[in-house]
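2 protein chains.
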Amino acid sequence: MQPIHQKRIDEASWDVIDTAMSPKITGELLKHLRQVMKNCKYFSEPIQAYIIPSGDAHQSEYIAPCDCRREFICGFNGSAGTAIVTEQHAAMWTDGRYFLQASQQMDNNWTLMKMGLKETPSQEDWLISVLPENSKVGVDPWIIAADQWKNMSKALSSAGHSLVAVQDNMIDVVWTDRPERPSTPLRTLGLEYTGMSWQDKITTLRAKMTERKISWFVATALDEIAWLFNLRGADIEYNPVFFAYSIIGMNTIRLFVDLKRLSHPTLRDHLQLDSPSRPELSIQTFPYESVYTELQAICAALSPKDKVWICEKASCALTQVIPKSHKAPIPYTPLCLAKAVKNATEIQGMKMAHIKDAAALCEQFAWLEKEVFSRFSEKDFVGLSFPTISSVGPNGAIIHYRPLPETNRTLTTNEIYLIDSGAQYVDGTTDVTRTMHFGTPSAFEKECFTNVLKGHIAVSAAIFPNGTKGHLLDSFARAALWESGLDYLHGTGHGVGCFLNVHEGPCGISYKTFADEPLEAGMIVSDEPGYYEDGCFGIRLENVVLVVPANPKYNYRNRGSLTFEPLTLVPIQVKMMNTELLTQKERDWVNEYHRKCREVVGAELERQDKKEALEWLIRETQPVV
Amino acid sequence: MQPIHQKRIDEASWDVIDTAMSPKITGELLKHLRQVMKNCKYFSEPIQAYIIPSGDAHQSEYIAPCDCRREFICGFNGSAGTAIVTEQHAAMWTDGRYFLQASQQMDNNWTLMKMGLKETPSQEDWLISVLPENSKVGVDPWIIAADQWKNMSKALSSAGHSLVAVQDNMIDVVWTDRPERPSTPLRTLGLEYTGMSWQDKITTLRAKMTERKISWFVATALDEIAWLFNLRGADIEYNPVFFAYSIIGMNTIRLFVDLKRLSHPTLRDHLQLDSPSRPELSIQTFPYESVYTELQAICAALSPKDKVWICEKASCALTQVIPKSHKAPIPYTPLCLAKAVKNATEIQGMKMAHIKDAAALCEQFAWLEKEVFSRFSEKDFVGLSFPTISSVGPNGAIIHYRPLPETNRTLTTNEIYLIDSGAQYVDGTTDVTRTMHFGTPSAFEKECFTNVLKGHIAVSAAIFPNGTKGHLLDSFARAALWESGLDYLHGTGHGVGCFLNVHEGPCGISYKTFADEPLEAGMIVSDEPGYYEDGCFGIRLENVVLVVPANPKYNYRNRGSLTFEPLTLVPIQVKMMNTELLTQKERDWVNEYHRKCREVVGAELERQDKKEALEWLIRETQPVV
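Chains as they are written, first to last, in full-length UniProt numbering: chain A, 1 to 625; chain B, 1 to 625.
Among these hints, one or two may not hold up.
Remember, identical chains collapse to one label, so a pair may be satisfied in a single copy or spanning two.
Derived BS3-like pairs (lysine-lysine); straight-line CA-CA distance at most 25 Å [claimed, not checked]:
| no. | residue 1 | residue 2 |
| --- | --- | --- |
| 1 | 24 | 611 |
| 2 | 154 | 324 |
| 3 | 327 | 154 |
| 4 | 446 | 585 |
| 5 | 307 | 150 |
| 6 | 324 | 150 |
| 7 | 596 | 611 |
Keep in mind the hints are simulated off the structure, nothing from the lab.
Make the full structure from the sequences, and use the hints.
Written out as structure tokens, the structure reads:
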């Protein structure tokens, strides 16, 4: 799936998948919101501007329908965007992936702020230019991260304004039919899937805390909590997580979650709620909403030397509970780092999931005209890992396009077909994009595809030293496109969770340099360069790849080297390649990759006795010369 | 010349060029310094640790002998390093380029802290681990930059210590024979060299200030001041600059400089000191030392809305004079940016200087055994732009090696010869590294050289979009080395001034992402990958290259593309190449480069009637197949 630019962004609201690409009418809504902004019931004074970021109280990338406030107010449902409403203006900032989509989804009440263009002001500069003196700018402190609050507050203060925390979310006041917060059943994961018990994970975490002289750790990211307790939920579509917080001390574990969810005996047994093995591994459970008051109580009882770890990206509301002298903010939590480096069981699971997924895709591609998602019948299949992006011709140029009735195009033999899809299996998460043509691609289409392929191979085959950060590999994916004067406006790869979120930190491959911990063996990222010709077609080639040790000829300073091993094993359409543009090394890579697809996925298809899919696989993996 | 890792670093002390690679004996010196640290004459209370950074009050990269305090106290004379002395310990931090050299130059009183290794503590962490509770850590506020002060102070405070500004430099107290601050004659540069009068530069600067609502600008970087006033000095060896400050308001220009230097009529005329054309272009001159009190006076008279621009990297001492409400710190000054984009006159001058330099080098290489620096006789030659690095065999592996008597090796036909040298011409600055062998290189030496060459070509021939930052090109230079498990521990390129510092910001090509403004047409950087085999040899290939527009086949989103044009035109030794490892594209690049060397430098050598050099040039530029 196409990589994200920022970690703290939401994704489109999946419950409105049938919304047309026509603008939302927002005149009355904005009128109502502006009345609320003047109403001193919500804040002691009227506020002159209200910021509506993407996101939920956990800074999740994908969010539940009840948290899609930015989409509700402006109509734009892309994954990244921030809306700001003042008495006179309404503006929405988003990046290059979404310029086209946002302009189609918002009505004339809204100004589209195209991020990344020189002439586009930052949110701060724009606010300063439009606000009257001494203005109050409101924001929900649960939605805005502590570091964003700090930057925005500083910029506004320096211009004589102030950023204020409005406890009641003002969008919720005007959103009369807002959906409820989900509370789906929890699933426990045994050692055969996780490779490590939650008790051992807690012990490892506490060892890190001791090492850094930390007394408490506040966990707010949903995937970190799911990983820590070896639990999964389905509160957010595509992400197998559940709404919760956790606070871990050296002797106590507090879990904040809708208590109704903890009644099933299997679950109580997994968490040892009724008979903890050791007192320091006893979990105390609290209602989800009480995290604020519990954290206050913990902070009131701190000794002078006690330090509390909280992620810099956690909500402003929770971060501000911890007194400054006790606060130890960290860019990435130890859970985030531990989760990123997959253990042997997780890697094995990921490999298995990818083989199953490849088999399913071969079947899908072989019988594409039936439009059957054969993946659904695979063993351990749980659900999709994100909404399938499947587009024909010009729709492929909208980078995050999903089929909506009005804009659906029939698959023809004249146009490029792009499919980006992924699935959640109990043993792993997949994410793959292929681009193909069922007729005869034009020379330009083949040239672009081949340049994208060259970039894909350059990353996938790169050998690089231990400790290299992903951003240093991003240009490898672009060099061939750049040489033709082409490019794509998104990053090259994102971290991939193991039966967890399809997007995860702290590593990635992007020209942006944040969320960029050094790559190490066991990390899993996507490799997905693309090219999008507005109004004509979109091309993207994506594999999920595992960081593995490499053994080049020499070993400079004993640092060791890394490279990638593709986990995704789905043929890349040879028909789309202009093989004359490939070097011998690149042709060798394609042939070796296809040999592995045929060998590994072929065996799986034989086992499943899927003859047509196997024939398709064999045809599509003929060597190129 | 080899790129710098940090802007704010000094270079070795050039007056002690005959110092051997044997450790400095520092026992007595440290004893004396520790007495001074306890003496309340210098600070109201005893201090428990004293930080001695590299650098001068202008955060210059190269520094005058009087400012080489870190070298004086510990003996290590590399360009980057920070020493810290406590009551019990003495430690010195430096990076991978200098591990070998530092360990040879420091005695057992000192602990070498190898930066970049996982086990090496940061300065802050180390201080916190060794200091008694409530310690005072002293530093000279003129030497430490404001941003560094802030970070260090924050880290120390959070552990119960405090960072204190000690006005008298404590090294100067123990340095009895410290040299005087230089005050060399100033040289004026006319429009034929600068392309723009200082008056027009001031007017452009003021237009930027008006645009950003800034009332005052404090210039502290020596090369920015030299560029602004179209003046050059020779206060710091290799850098044609002079010690000065300048404060520019909307109607006034204050220049702080040793007033004795302003007596020459040509200079007074150039600066219009006696008959300014317009009142707002009248320069008021002040003694160098009075910048502190003058800035205080200016700040005392500020209106509430007045803002003062000062670089974030300026000294802590000067930055703290400006009240917080008026301070507008900037990562790069407008002068730094304006200076980086060369105008047509400057580019023409740089091209000319490089042709002359190439002719001189051809002569030098042709008659290497005579060890004549024929460059000295070239037209407009001013001096070297940095100390020539010329090394044989294992000495090449010390990245910043300069020939010192004890370690000098005779040039033989058995070893690799590396020469990195540059010159200042009135029309431009050069910097070139070539690596050659006068006998028969080994297969391994050729393999390494060829991988370095592949990296050099990958950067030089890269086409990339407008707006790309240099760090995104760094990995191109390394990919071939990485593929063999090799690497080099320095950046790939630095900005190059035009008859100014051979190292300048704000652009560069490095895996580090600071000091990294987007590349744009007219910027000039070096392209210098290398490989260093400890104890055996060093390889580096360096050209100075100009950023120029490129015209690839397509033009995505109308952004335009850039590439590099080599300004350096010195043959690359074919004998060192394993041409079988080169692709056809790389062979074409080498042949086209050599064709240009032959055509352009050949014409110059013919003009100068240098027959032997011309023969050498023709022989060294035969096409490779």
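Each hint, compared with the structure:
When the C-alpha separation of residue 24 and residue 611 is checked against a cutoff of 25 Å, the pair qualifies neither within a copy, at 48 Å, nor between copies, at 78 Å. For the homomeric pair residue 154 and residue 324, the shortest alpha-carbon distances inside one copy (17 Å) and between copies (13 Å) are both at most 25 Å. In this assembly of identical chains, residue 327 and residue 154 lie within 25 Å of each other by CA distance both inside one copy and across copies; the values are 20 Å within and 13 Å between. Both within a single protomer and between protomers do residue 446 and residue 585 lie at most 25 Å apart by alpha-carbon distance, with minima of 19 Å and 22 Å respectively.
In this assembly of identical chains, the alpha carbons of residue 307 and residue 150 lie at most 25 Å apart whether taken from the same copy (21 Å) or from different copies (22 Å). Taking the shortest Cα distances, residue 324 and residue 150 sit within 25 Å of each other both inside one copy (14 Å) and across copies (17 Å). With identical chains, the CA atoms of residue 596 and residue 611 are at most 25 Å apart within one copy only, with a shortest distance of 18 Å there and 61 Å across copies.
This entry does not satisfy hint 1, going by the numbered hints stated previously; all others are met.
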